[in-house]
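Q: Read off the chains here:
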Amino acid sequence: MTKDKRSRGTGSDAPGPDLKTERDEFLKKFSRGSQLTEEFLKEHERMLSRVQDLESENAGLRAKVEADRAVRELLQKIDRLEREKSELISRYREAEAITTEFTARVQEVESEFANLANLFVASNQLHSSLSPRGVTRRIKEVLAQLVGAERYAMYLVNPDREELVPIASEGVPGDQLLPIRIVGTRIGEVLKKGSASVADSDPSQGTLQDPPAVIPLSVDDRVVGTIAIFSTLAQKNKFDTVDFELFKLLGQHAAQALVAASLFAQAEHKLPGLEAFLDLSV
Amino acid sequence: MAEYSCLIVEDSPMMRQLLVFALARVRNLRVTEADDGVDGLRKLASARYDIIVTDINMPIMDGLKLVKRVRSDPVHKDTPIVIITTEGSQEDRQRALQLGANAYITKPIQAPQVIATVKELLKIE
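Residue numbers (my numbering), protein chains in the order written: chain X, 1 to 282; chain V, 1 to 125.
In short, the hints are calculated from the structure, not lab data. Here the structure is a predicted model, which is why all the values come from computation and not from measurement. Warning: the hint list may mix true and false statements.
[Said to hold, decoys possible] The calculated lysine-lysine pairs, modelled on DSSO-like cross-linking and capped at a C-alpha distance of 30 angstroms, are: (1) V:K77 to X:K140; (2) V:K43 to V:K65; (3) V:K68 to V:K119; (4) X:K238 to X:K248; (5) X:K238 to V:K119; (6) X:K64 to X:K140.
[To be verified] These stretches of chain X come out as covered by chain V in the derived footprint (C-beta under 8 angstroms, 3 or more residues): (7) 80 to 94; (8) 112 to 124; (9) 135 to 148.
Glycine is no exception: its CB is placed at the ideal position from the N, C-alpha and C atoms.
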């Protein structure tokens, strides 16, 4: 049909005006098509590049998500480990507290054992002699070795209970070792009251006039004398619990041991006959 | 477990008894007693001891003479010696340590102190 129009319009080989217009339109359209194709290709390339960017971004995000998950897991692990650590620290502290308590208890028991050993040895020594001299020597030894007394004297009350007479001493000059009136003296007061008098001050600084410790000596609930400690060794600057226990022990046993030894000496070391024990009705 | 032997040289029976009680708290320690320095030397001549605990003031031979004799004895010259005494002055302590004693305890003795000193010298836990 186009061919027909061309032949009819001009009548020569040159294209007719319609055909020219058609050609121009075609060329215009072709050019436009070409332009669109180019634009399309460019757009395609841009889109490809954009897809690549997005894929890369996506990969980055994926990696980030993975990393975040790993971090979350690590954080959870850290939390768990922190809890375990707290628990272990708590258990360790509990164990430490128990150990400290146990160590303190062991020390306490060891100290008690040492005190009991002191008391046992003192008691054992006081009753291990049946001579008045031997008993006196042992009383002095308990005072010197266990209590740490440096200057001391032992007194017994006279029959009319007016004076305390010194029967043994250590570290006290002879001219100062005199009988003591019971009335109006601290040593005499202890005899009257029957309870020990122990000062709070440093016993190593004690004097003859102001003894740091005075202990009553009893026989069968009767107070028959006293021990006065005038001063202790320089390194003994306070009385401990065991010293107070030793004072009690001396108060209850020293005079009894002394009386028993004196009676045994008076009986010329004869043991009582069996008949002395038969009527005990125990 | 290692066994240790200790020689106590002390003239007072009471102090000896007290030291024996105290040292009975040290595991694996066998204790032998001597009445004075001469008795101590006699016992040292017949047996070997890991440690010696001695009083200073004793009749016949005192503790300081005993320390001198022990330090000149090839068998016991390195044996640790603990001195027990009523003297608490720094000079007395120095004198005893200069003669060769390893430790110095003043009376009245505290059993835990004696135990700790003996354990330390014998390196017992």
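Q: Does the structure break any of the earlier hints, and which numbers would those be?
A: 1, 6, 7
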